[in-house]
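**Q** One letter stands for each residue in the lines below.
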Amino acid sequence: MSALAGISRRNFLSQSGMGLSFAAVSSLLASDCALGDEEAPPQSGRVKRVIWLFMHGGPSHVDLFDPKPDLVSLSGKPIPESFGMFGTRRDVAKNPLLGPVKPFAPRGKCGMMISDLLPETAKFADDLCLIRSMHGDSVNHPQSVYQMNTGNILMGKPSVGSWVSYGLGSENQDLPAFVVMPDPGGGLKGGPPAWGSGFLPAQYQGITMRPGAKPILHLAPPEEFSAERQRNALALINAINGEHLVQRDNDDQLAARIRSYELAYRMQAAAPDLVDLKQETGETLALYGIDEESTRDFGQRCLLARRMVERGVRFVQLYSGDTNGWDAHSDVLANHRQYCRATDKPVAGLLADLKRRGLWNDTLVIWGGEFGRMPMSEGGKGRDHNPWGYSMWLAGGAVKNGFTYGETDPIGLRALHNKVHIRDFHATLLHLLGLSPKEFSYEHNGLSERLIGPSDEARIVKEILA
Amino acid sequence: VKRRWSTFLAAAVMTLCVGAWADDNDAIKELPITEYDRDHWAFKKIERPTLPITLKTIENGIDAFVLQKLHENGLDFAPESERATLLRRLTLDLTGLPPTEEELAAFLSDASPLAYDKQVDRLLASPQYGERAATFWLDLARFADTDGFEHDLVRKNAWQYRDWVISAFNRDLAYDEFAKAQLAGDETENAAERIATMFCLSGPDMPDLNDQHLRRHDRLNELTSTVGSVFLGLQMGCAQCHDHKYDPLSQADFYRMRAIFEPAIPDLQRDKPYNVFEKANNSSEPRFWIRGDHTRPGPSLVAAFPRIADRPDASNGTPPTRTAFANWLASEENPLFARVAANRIWQQHFGKGIFGTPSDAGLVGLAPSHEDLLNWLAVTFREGDWSIKSLRRTIVTSKTYRQTSRRGDQEISRWQERLDVDPENTLYSRYPRRRLEGEAIRDSMLFAAGEINLAQRGPGVMPPLPKELVSTLLRGHWSESKNKADHVRRSIYLFSRRNLRYPIFEAFDRPDANESCPSRNVSITASQALILLNGEFAVEISQKMASKAYDDAELSTSDHALRRGADALFRRILQRLPSRSEQEKLNQFLIDQPKLIAADHPDWVERKVSVAALADISLALLNSSEFLFFE
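In the order they appear, the protein sequences are chains A and B. Here the first sequence stands for residues 1 to 466, where the numbers follow this note's numbering. Here the second sequence stands for residues 1 to 631, where the numbers follow this note's numbering.
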C-alpha cells in the first residue's frame with residue numbers, strides 16, 4: 001500500500017494507457033488485482049454474485065423443462081406446414097417429430113413440469129425461475145456459445161463475466177473476480193474466447209481454475225522451492241524494484257507492479273485454501289455427490305463455486321460437457337441420461353447449500369446451454385440444435401421462485417409468448433447486478449461502446465424479478 | 001467546431017452504434033457532406049506547416065514543434081539520456097531486443113559526434129527491425145495462423161503473409177506500395193504480392209457456416225471495417241447497420257466502399273478456405289443491406305470512396321477498382337492516409353499517438369496534442385517517398401526522443417516543475433517510460449540467456465505449452481515442434497492460434513486477433529507476476545543462466561564464485577553491475593539462500609545449491625521492472 005500513497009487515480013489511468021468510461025472507473029480501482037485504493041465497490045444491485053452452470057452442447061428443453069402435449073400426439077409425423085420455414089444446422093426440418101424421451105411430472109407446490117431425467121433438480125422446483133421462451137440467432141455452436149457469453153455471434157467480444165468483473169470487481173482482494181471452471185473432458189466449441197475480455201483490459205478475463213493441487217496455471221513455484229526460499233526471492237525482487245521505483249518519481253505503473261507481486265503472493269495462499277475440499281464435512285461432500293464416481297467431477301466444481309462466492313468471487317462460470325457435451329445429435333436419451341446423471345445431484349446440492357448458508361438471497365444461479373434442441377428427430381433418436389426457442393432457469397432470492405415465464409409454440413420450435421432474447425437475458429442480469437444495461441460501456445477506439453451491444457432493443461425482463 | 005464537440009462529448013456517454021436505418025423500399029437517403037462536416041482537423045487538406053521561426057537553430061523539425069509548446073508552458077527539453085539507457089531504449093524500440101554487452105561497450109567508447117546516428121543506421125538495417133515493426137502491423141491486420149470459431153483450422157499459407165510483412169519493413173517498401181500490395185497485390189504484375197492481400201481476409205472466418213451468403217457478407221463487412229480503420233482512421237464498421245452517429249459516414253458510404261472489394265470475393269463454398277484474393281466469380285450485385293442484415297437487400301449501388309475523405313467534386317461515375325482505391329488512398333486528395341500512418345509510426349516510438357485514438361480520427365476520437373507536428377510528419381512522410389525507415393530515423397534522432405526519462409543528477413526543483421506542469425507527459429517534456437510487450441519480454445529473456453534462435457521466415461513454430469492449456473483445445477491443435485531449436489525462435493515466429501494465445505503473450509496484453517488492434521492495453525496484473533515467477537519458461541531460463549554464470553566464475557577462480565556469478569547475471573540481464581545498496585542485499589542473500597536451499601535439499605551437492613541460489617537471483621532480475629521496461 002505504502003508505495004501507492006499519494007498517487008492520484010487520474011494520473012495512474014493516464015499513465016497506464018487504459019481508456020475507461022467513467023461509469024466503471026471507481027470500480028476498476030476498487031477491484032483491480034494489482035492497483036488502487038481499496039474502496040468498496042458500488043452495491044446497488046440485488047445480486048452480488050453469479051454462478052453460471054453452462055450446459056455446453058445444448059440441452060433439450062423439450063425433454064427437460066418444456067413438455068409439449070402436441071409433440072407427444074404428433075410424434076412420428078412431419079412438422080405441420082403451418083410452422084413455416086426455419087433454419088437448422090443439419091437439414092432436419094422435414095424429419096418426423098420426436099416426443100419427449102422421458103415422462104414429465106408436476107413438481108413442488110408450484111407444479112412446474114420437469115422431466116424424470118432430473119429428479120434431484122425437480123425437488124427444487126419451488127426455488128426455480130424457469131424461462132421457457134429464450135431465443136438466439138445462430139444454429140451453430142461457436143456462434144451461439146459466443147452470443148450467450150458475449151452478446152455477439154462473432155468471436156472476440158468481451159464476455160459477460162468480464163463485464164461484471166470490470167463493472168463491480170472482486171469482493172476479495174486475493175482472488176480474481178471472474179473464474180471459469182471448464183469441463184476437464186475437453187475444450188469448448190469456440191474455445192477460451194468464450195470467457196475472454198475482448199476489448200476490455202486483460203485483467204477482466206475469466207481466470208481458469210481447476211479442482212486439485214494446481215488450481216491456477218503458474219500459481220505455485222516448482223516443487224523444489226520451499227515457501228521460505230520463494231519468500232526470500234520475492235523479498236529480493238521487492239528490494240530491487242523498490243529502489244528502482246524511488247529513483248523514478250514513484251511512477252504509478254512501477255508501484256503497481258510491486259503491488260502485483262504482493263497480490264500474487266496472497267493468491268498463492270488463498271487459491272489452494274479455496275480448493276482444499278478437505279475442509280468440508282462428509283455430509284457436504286455427499287450433498288454434492290462428491291462421494292460417487294458419476295457425480296464427483298461436476299460436484300467438485302459446484303462445491304468450488306460455492307466456496308468461491310463465499311469468498312467474494314463475483315462471477316463463477318462452470319461448464320458441463322466436453323467438446324461435444326450435451327450435443328445429442330444421435331441419441332437424446334443416452335446422451336441426456338449421462339449428462340443429467342452427472343449434473344443433477346450436484347446442482348441440487350448447490351442450491352440446497354446456498355440456501356442453508358445464507359448465500360441464497362444475493363447469489364444468482366443460472367442454468368442453461370447455448371441453445372435448446374429441435375422438436376423433430378435426427379437419425380431417429382437424436383435432435384439437432386434449436387436457437388429459436390428453448391429454456392433456461394435462474395435461482396436465488398432476486399428472482400421469483402417457483403415461477404415459469406414465457407412459452408414456446410405447441411411443439412417447442414420457437415419462442416412465442418413473452419419472448420426473451422439473449423440480449424434481454426443479459427440486460428436482466430446486469431440490472432440485477434446494479435448495472436444499467438444501456439449506460440454500462442467502455443471507451444474503445446475512441447467510441448464509448450455499450451457492453452451489452454449496440455441494439456436498443458434489449459429489455460429488462462421485470463416480470464421475473466422478485 | 002466547438003459547439004459540435006461539446007454536443008458530441010455529451011452524447012458520447014451513450015452508446016454510439018445506434019441510429020436510424022432506411023425502410024425496406026426506400027431509395028438510399030443520406031445527408032450530404034457539408035463544409036461544416038469538412039471543418040474537422042483530420043479531414044482538412046494537409047499543408048506543410050512552417051517551422052516556428054524563433055527556433056532556427058533546431059535541426060530536426062520535430063523538435064521545433066515540441067519545443068515551441070514546451071516554451072509556451074515555461075519548460076525546456078530535458079537533458080539527453082545517459083548513453084547506456086539511450087542505447088537500450090533505441091535497440092528495444094527498433095528491434096524488440098536489448099543490446100549486447102559488446103554493442104553497449106562499442107557505443108560507450110565511440111566518441112564520434114555521429115555515434116548515435118551510426119547506431120540508428122545499424123539497427124534500422126538489422127533483420128530484427130522488420131520483425132519488430134511487423135509485430136504492430138500484424139496487430140492491425142488481426143493476424144493469426146488459424147480461422148477461429150469451433151474448428152479453428154490452420155490457414156496453411158498465413159505465415160507467408162507474416163513473412164511478407166517482415167520483409168516489406170526490412171527492405172523499406174514505400175508505405176503507399178505496402179498498402180497497395182495488401183489491398184490489390186493480385187491486380188499487379190508481381191504475382192508474389194498476391195499473398196499480401198491476406199491482409200484483407202485475415203480476420204476470423206467460419207468456413208463450415210451453413211449459410212455461405214452470410215459468411216461472405218460477414219467477411220466483406222469485416223474487411224471493409226478493417227480497411228477503413230487501418231488506412232483511413234475511420235470507424236467505418238459503425239456504419240454497416242446505420243449511418244455513423246457522429247462522423248459524416250453514411251451507411252451507403254460503407255456499402256459503396258465495400259463494393260470496391262465485392263468483385264474480389266467469390267461465392268464461398270462450405271469448408272473451403274478463402275484467405276487470399278483470387279480471380280473470383282460471384283453472382284452478387286453490390287448493394288445496400290438494410291440494418292446490415294444479409295437477408296434484407298436494399299437498393300443496388302456503385303462502388304465509391306467514402307465522401308468525407310474525397311474531394312467534394314471527385315465523383316466521375318466510374319466505379320474504382322481496388323488498385324484505383326489504393327492509388328486514391330495515397331493521393332493528396334485524401335488527407336487521412338498520411339496523417340493516420342504518421343501517427344501510428346510516432347506511436348510506436350513514444351507509446352502513444354499524437355492523437356490518442358490511432359484508428360479513429362473522427363469526431364469522437366481524441367484530437368491531436370500537436371496538430372502542426374502531425375501535419376509536418378505526414379507531409380515529410382509523403383514527400384519522403386513514403387519511406388518508413390526515413391520517418392523513423394527522423395523521429396528517433398530528434399532531441400525529443402533522446403531526452404532522459406528520469407531526474408538523475410538534475411536539481412530536484414527543476415525536475416519537479418516538469419512533472420507538475422506536464423503530469424501526463426502530453427508536452428513530451430521527458431521520454432515516456434514503457435513496459436515491454438509480451439513478445440519482447442520473451443525474446444529479451446531468451447536473448448539474455450544466450451538461447452535465442454534468430455532464424456527468419458517459415459511456418460509458425462510451437463514451443464511447449466502447459467498440458468492444462470492443451471487440454472482446453474481440440475485434439476491435435478498444439479503439437480510441440482520436434483526441433484528443439486524452434487522452441488527458442490523469436491516470438492513473431494510462434495504459431496498464432498486464434499483460439500489460444502501463448503500464455504506469456506496473453507498475460508502481457510497481446511491482442512486476440514479477432515479485430516484490428518491499433519494500440520495495446522498496458523495492464524499490470526498478478527497473473528503477470530505469477531507467470532514470470534513460476535512459469536516453466538522463466539524458471540528454466542533462470543536455471544540455465546545461473547548454471548553458466550556459476551561455471552564461468554568457478555573456472556576463473558573459485559574465490560567468491562557466487563558473488564562473481566551474481567555480477568555476471570546483473571551484466572547479462574541488466575547490462576550493469578549491482579549498485580552499492582543492491583550489493584549489500586545480495587551479500588546477505590548469498591549467505592542466507594544457499595543455507596536455506598541446502599537445508600531443504602540435504603542431498604544436493606554444493607554446485608547444485610550454489611546454482612539454485614544464483615537461479616533465484618536470475619529470476620529476481622528477470623522480474624525486475626528495470627528488465628521489463630525501457631526508458
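Think of the hints as simulated: they come from the structure by calculation, not from any bench. Heads up, some of the hints might be wrong.
Said to hold, decoys possible - Within a straight-line C-alpha distance of at most 35 Å, the following computed DSBU-like cross-link-like pairs (lysine-lysine) qualify: (1) Lys595/B - Lys214/A; (2) Lys438/A - Lys482/B; (3) Lys438/A - Lys102/A; (4) Lys595/B - Lys608/B; (5) Lys29/B - Lys438/A; (6) Lys548/B - Lys419/A; (7) Lys214/A - Lys272/B; (8) Lys214/A - Lys419/A; (9) Lys279/B - Lys352/B; (10) Lys214/A - Lys467/B; (11) Lys214/A - Lys399/B; (12) Lys123/A - Lys109/A; (13) Lys272/B - Lys94/A; (14) Lys355/A - Lys77/A; (15) Lys272/B - Lys595/B; (16) Lys214/A - Lys585/B; (17) Lys156/B - Lys484/B; (18) Lys272/B - Lys381/A; (19) Lys419/A - Lys355/A; (20) Lys352/B - Lys214/A; (21) Lys467/B - Lys278/A; (22) Lys214/A - Lys482/B; (23) Lys214/A - Lys608/B.
Predicted, not measured: the structure shown is a model, and the values here were computed from it.
**Q** Kindly indicate which numbered hints from before are broken by the structure, ordering the numbers from low to high.
**A** 2, 3, 6, 7, 8, 9, 11, 14, 15 and 20
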